[in-house]
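**Student:** Sequence:
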Amino acid sequence: MPKSQERCQEIREETRNLIIKKSVLYFARHGFAGTKISELSKNIGIAQGTIYLYFESKEDLYAEIFEISDKYTRSEKLNSFAKLPITAAMKIRMLSDYLIKSLKSDEMFSASIALYTQRLLEGETDQSFYKTLEKIIKEGQKEGSVVAGNARKLSELYWGVVYLYAVKNLYTTDYAMIRSEDLSRILLEDRK
Numbered sequence: 049m050p051k052s053q054e055r056c057q058e059i060r061e062e063t064r065n066l067i068i069k070k071s072v073l074y075f076a077r078h079g080f081a082g083t084k085i086s087e088l089s090k091n092i093g094i095a096q097g098t099i100y101l102y103f104e105s106k107e108d109l110y111a112e113i114f115e116i117s118d119k120y121t122r123s124e125k126l127n128s129f130a131k132l133p134i135t136a137a138m139k140i141r142m143l144s145d146y147l148i149k150s151l152k153s154d155e156m157f158s159a160s161i162a163l164y165t166q167r168l169l170e171g172e173t174d175q176s177f178y179k180t181l182e183k184i185i186k187e188g189q190k191e192g193s194v195v196a197g198n199a200r201k202l203s204e205l206y207w208g209v210v211y212l213y214a215v216k217n218l219y220t221t222d223y224a225m226i227r228s229e230d231l232s233r234i235l236l237e238d239r240k
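Each residue of the sequence shown is one higher than the one before, counting from 49 in the numbering used here.
Hints should not be assumed to be uniformly reliable.
Label-pair ranges, simulated between beta-carbon atoms [said to hold, decoys possible]:
hint	residue 1	residue 2	range
1	S86	A196	48 to 58 Å
2	K201	K131	17 to 27 Å
3	R233	I85	19 to 29 Å
4	S86	S153	28 to 38 Å
5	L205	S52	11 to 21 Å
6	I94	R233	19 to 29 Å
7	K183	K51	28 to 38 Å
8	N65	S153	15 to 25 Å
By construction, these hints were calculated from the structure, which means they are not laboratory data.
In this text, a Cβ means the ideal position worked out from N, Cα and C, and glycines have one as well.
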């Protein structure tokens, strides 16, 4: 029985979504320079030409991937924590809980964190994650709940640990995920 026009459109959308999802993970693992469309198509399990039916070039696909990964890594959630009328320590704990839960449950979130960090290192994206956390750190230092030190360096340390676990999540299955309490402890004063 011939496929309906609607079913054909569904198949096209499913194929495009498959290409995007697998490409996000592949680019996060291999970077832009390390990604060849021929290898990517093998990884996805489709013909190389199929990718070019949906995307004009590797650059076009890469741009689409970053648009999607930006949706995962937008700092809206971080900004919402920053604006809450609670202590900086509580904001940091909430952020840590959110990040660890997201890393554990969503491989696309891990890939997006990895891609965001790659872009950050290449100067291709803003530093909103770092800057917003830096403000929370300074607020906590005034309250006495956050460790002393350069707020920028502490923010970079925190996000470096998040990046490490995002990459571990993408590359290996044999690792122990950090707990949110451990992530928070990077920034918070020990209150024994």
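**Student:** Decide, hint by hint, whether the structure agrees.
**Tutor:** Evaluated hints:
1. Roughly 52 Å separates the CB atoms of S86 and A196, a value that falls within the hinted 48 to 58 Å.
2. For the hinted restraint 17 to 27 Å between K201 and K131, the CB-CB distance of approximately 24 Å keeps it satisfied.
3. Under the hint 19 to 29 Å, the C-beta atoms of R233 and I85, about 43 Å apart, miss the expected range.
4. A hinted range of 28 to 38 Å for the beta carbons of S86 and S153 is consistent with their spacing of about 32 Å.
5. Taken as a hint, the range 11 to 21 Å is violated for the pair L205 and S52, whose Cβ atoms sit roughly 55 Å apart.
6. Distance hint check: the CB atoms of I94 and R233 are about 45 Å apart, inconsistent with the given range 19 to 29 Å.
7. Range check, K183 to K51: about 54 Å between beta-carbon atoms, so the 28 to 38 Å window is missed.
8. A hinted range of 15 to 25 Å holds for the C-beta pair N65 and S153, which are about 19 Å apart.
In this structure, the earlier hints numbered 3, 5, 6, 7 are contradicted, and the remaining ones agree with it.
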